[in-house]
Amino acid sequence: MKFSLTVPHKKYDIDEYKYKSFEEHVEIYMNLYLKDITSEEIIDLKNHTKYVRFMCFQDSPILRAYMLAYCRNCSDMTDEHKNLARIEDIPENHILGEINYSTKAFFFTWEI
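Here our numbering is used: the first residue of the sequence shown is 85, the next is one more, and so on.
Do not take every clue at face value.
Calculated cross-link-like contacts (lysine-lysine; reagent style DSS-like; alpha-carbon spacing at most 30 Å) [claimed, not checked]:
(1) K119 to K102
(2) K166 to K95
(3) K104 to K94
(4) K95 to K130
(5) K130 to K166
(6) K119 to K166
(7) K104 to K119
(8) K130 to K104
(9) K94 to K166
(10) K166 to K104
(11) K94 to K130
(12) K119 to K95
(13) K119 to K94
(14) K102 to K130
(15) K102 to K166
The set of hints was computed from the structure by calculation and includes no laboratory data.
Let the sequences and hints guide you as you build the complete structure.
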């Protein structure tokens, strides 16, 4: 079974950007995504009721890196993430975003 998101999202090929810095990723990914979303989504982002989540993947060293991007409700954040994001401190002319690099994995065994 292939992984898929159950929320509306955009998919981008980001292989050419994978070795750029975090700061460059923010600018590149935001520019890619903001041109593809609705005015209603932009209003939600500006009102800080939603934020942009970028989930970056590369399924194999020989496959191209890609990103899934979507707007997520701030109310769905864990308490830990709410504390890190500090939504109440975001300036009025800014929106909140999260970049999630799927580079950390934990392997385990499970008896069946």
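| Given pair status - K166, K94, alpha carbons within 30 Å | holds, 24 Å
| message | Need the status of pair K104, K119: alpha-carbon distance at most 30 Å? | response | Distance ~21 Å between K104 and K119 Cα, so the pair holds.
| Proposed proximity, K104 with K130 (alpha carbon, max 30 Å) | Holds, at about 27 Å.
| task | For the pair supplied as a hint, K166 and K104, confirm whether the alpha-carbon distance does not exceed 30 Å. | result | Status holds; Cα separation ~27 Å.
| Going straight from one Cα to the other, do K94 and K130 come out at no more than 30 Å? | holds, 19 Å
| message | For K95 and K130, compute the direct alpha-carbon distance and say whether it is at most 30 Å. | response | Within the cut-off at roughly 22 Å; holds.
| Straight-line alpha-carbon gap K130 to K166, limit 30 Å | holds, 17 Å
| task | With a cut-off of 30 Å on the C-alpha distance, tell me whether K104 and K94 pass. | result | holds, 21 Å
| task | For the pair supplied as a hint, K166 and K95, confirm whether the alpha-carbon distance does not exceed 30 Å. | result | holds, 26 Å
| Hey, K119 versus K94, does the alpha-carbon distance stay inside 30 Å? | This hinted pair holds, its Cα atoms lying about 11 Å apart.
| Does the structure keep K119 and K102 at a Cα separation of 30 Å or less? | holds, 21 Å
| query | When you check the alpha-carbon spacing of K119 and K166, does it fall within 30 Å? | reply | holds, 26 Å
Hint violations for this structure: none, all hints satisfied.
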